[in-house]
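Protein chains in written order, with this note's numbering: chain A, 1 to 299; chain B, 1001 to 1252.
27 Å max Cα-Cα, derived BS3-like pairs, lysine-lysine:
hint : chain 1 : residue 1 : chain 2 : residue 2
1    : A       : K11       : A       : K174
2    : A       : K297      : A       : K207
3    : A       : K271      : B       : K1030
4    : A       : K262      : B       : K1242
5    : B       : K1228     : A       : K207
6    : A       : K293      : B       : K1228
7    : A       : K271      : B       : K1228
8    : B       : K1242     : A       : K269
9    : B       : K1023     : A       : K271
10   : B       : K1023     : A       : K104
11   : B       : K1242     : A       : K207
12   : B       : K1023     : A       : K125
13   : A       : K297      : B       : K1228
14   : B       : K1242     : A       : K183
Pair ranges (Cβ atoms, derived):
hint : chain 1 : residue 1 : chain 2 : residue 2 : range
15   : A       : K183      : B       : G1107     : 52 to 62 Å
16   : A       : V237      : B       : P1224     : 12 to 22 Å
17   : B       : Q1014     : A       : A127      : 31 to 41 Å
18   : A       : P51       : B       : M1187     : 48 to 58 Å
19   : B       : M1187     : A       : T165      : 45 to 55 Å
20   : B       : S1235     : A       : A145      : 46 to 56 Å
21   : A       : P217      : B       : A1245     : 26 to 36 Å
22   : A       : P217      : B       : N1051     : 27 to 37 Å
23   : A       : K262      : B       : L1191     : 44 to 54 Å
24   : B       : A1147     : A       : D34       : 31 to 41 Å
25   : A       : G53       : B       : P1224     : 50 to 60 Å
26   : B       : V1236     : A       : E170      : 45 to 55 Å
Read the hints as simulated data drawn from the structure, not as lab findings. In this text the structure is predicted, and so the values were computed from the model without any measurement. Built from N, CA and C at the ideal position, the CB exists for glycine as well.
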Amino acid sequence: MKAWVIAQNEKAARELAAGVRTLADQVQLVALTDAAAVTGVADEVLKVAVPAGAMVESSVDTIAALVDAQSPEMIVAEPTAAIKVVIGRLAARRGTAVVTDAVKINADGTAEVMYFGGVGHRTVKPAATPAIYTASAATFGDAPAATGTDTVTEVAWVEPASALTVKSTEQLPKADVDLTAAKRIVGVGRGIAAEEDLQMVRDLCGKMGAELGCSRPVAEAEGWLPREAYIGVSGVVTNPDVYLALGISGQMQHMVGVSNAKTIFAINKDKTAPIFNQADYGLVGDIYDVVPKLAEKLQ
Amino acid sequence: MEVLVSLKIVPDDQDIQTTADGKLDFSIAKPVISSYDQNAIEAAAQIEGANVSAITVGPASINDTKQRKNILARGPKQLFMVADDTFQDADANVTAKAIVAGAQKAGNFDLIVFGAGSADTYAQQVGIQVGELLGWPVVNGVSKITAGEGSITVERTTETEVQTIDVPLPAVVAVTSDIVEPRIPSMRDILKAGKLPVTEWTAADLGSDTTKAIDIIETVAPAPADRKREVFDASVDGDIDKFAAALAEALR
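All chains should be modelled from the sequences, with the hints used to inform the complete structure.
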C-alpha cells in the first residue's frame, strides 16, 4: 500500500513517517516546507516549494494534482492550521472527509477517534481513497525509528486561481512553560474565584516543584493563564508523574489531558464531583482552606 | 453585510451515561448549542453592520423549542433549522453539502461563520469544506474580524504567529474558541426570540448529496480508568494529613 505523510515541521515529518511505515510498504513524505523535507525517513520526499509570499494553504491545487499523479491510498497529515485547510479542501474536492486526531490507525483503514472529548471512543472508516487522517506521534505508540532513502523530488507548483496573502504577522510569545514535559502539575478550575487567589496555588506549586495548568474556563473565559496552560482535549495533553486538580469538576474534556498521569490527586468542595471517580486520592474540602494547609505540610 | 453563522446542536455531554455493556446512553442528555459555537454566534453578532442569520443541520432531535430560542436570543434575526435523521452523525462532507444547499436556498450571504470545532467530534472541517464547495476563500483560526468594504480584515492565530489577512467577500471563516465571550441571554432576549422566524427544511427540501464519506463502525464507552479512588474529607480529623502524606509520598 502506498501511503503519504503531509507535514510542515521536522518533528512531525519524522514521527508520522515512522508511524506510517508500520502500516504501508511504500511511504512518501509530502513536505510543505524546507524543514519538513527530512531525508532518510521515507521512500521519497515530495517537496512542495511554496513560492515566497504565498501561504502554505495555497498549495491545494498542487497537492490535488499530486494525489492524481501518485494515487496514495492513505494520507496521514500533521494537524497544523494550514494543513487542516489544505486537506479539508482536498477532501471536499474528492467527496470524502478527514478523520481527525486519530488515536489509532489500522492498515485496513479503520481508525479510532474520541467522541465528546473522550466520553466515548469511536471506530470509523473513510469510504473512499485516499483515506485522509490527521495524527500525532501518540497515534503510533512505539513505532521503530523511521527509515528511508535520500530521494527528494521537487513537485511542480500549480498556481491557484486566487489566493489569500498575509499582510503582516506578529510572532506569538514563546510559552515560558511546556506542560507536555512537566512531571508534576497542579491544575486549577472554576473553584478559583479570582485571579489574586492564584497566588496561594503558585505557593503550593513552589513547594511541590510543580508547573501550573488549568481547565478551559480559566485560560479562555477568564484569561488568567495563557493558552499553553490549558490542559484538555483542545489544549495540552500531559504525562506527569503527579497531577493535583484544584476546584476542577472532572469533565472528560479536561481529564483526557491528564489521563496518562501516574497518580492523580483532587480537591473539590463538591463530594459528587466526577473527578473523585477519576482520581487516586481525593479530598472533599474548600481549596481556600486546604491549599494553604497543604503548602505548610509539604514544607 | 449578510452573515450566516452555522452551529451544531448536540446532546449535553455532562448527561451522557454509560450502560452496563459499555455503550453510551443519551436518554437524559438534552440538546444544547455546541460550546464553541456559542462563541461563533457571538463573534458573528458583533461584526459591525452585520445582519445575522443562523443555520443548523442535524437529526430530528435538534428541533428543540428551548434551543431555537437560545439561538435567536444571541443575535441572529432568523434561524434555518434542518432537523432530519438523515443527518444523524453526519460527517463533514455530508454536513458541508447540506449547509451549502441551505445557504443558497436561504439567501445571498457575504460571510459564513463557523466555530472552532464541535463538542462531539471536534473535526474542525465543515467550514473548510463549505468554503471549497462554494469556491470561496476560507480562513480558520480567526481570532478577530473587522468589517471592511466588500472585504473583512482578520487576525488569524496559528501555532506560532498571529497573521493579519485581508479577505475579499464572499468568504468563510472559522473562529477560535476564545475570540469573544458569548453573552448570557436575558429573559427579555429569550422572550423576543420566541417571535423571530424559524424556517424548517428536510433533507429532501435541500436535495443535497447525503452519501456517507465516513462509516461509523462502533461507539463505546472507554473502560473506567484504573484509579485508587480513595476519598478523604477535610472536615474529618486527620484526613487532610492523610491526603498530604499520600501527596508527599508521590512527590518523593
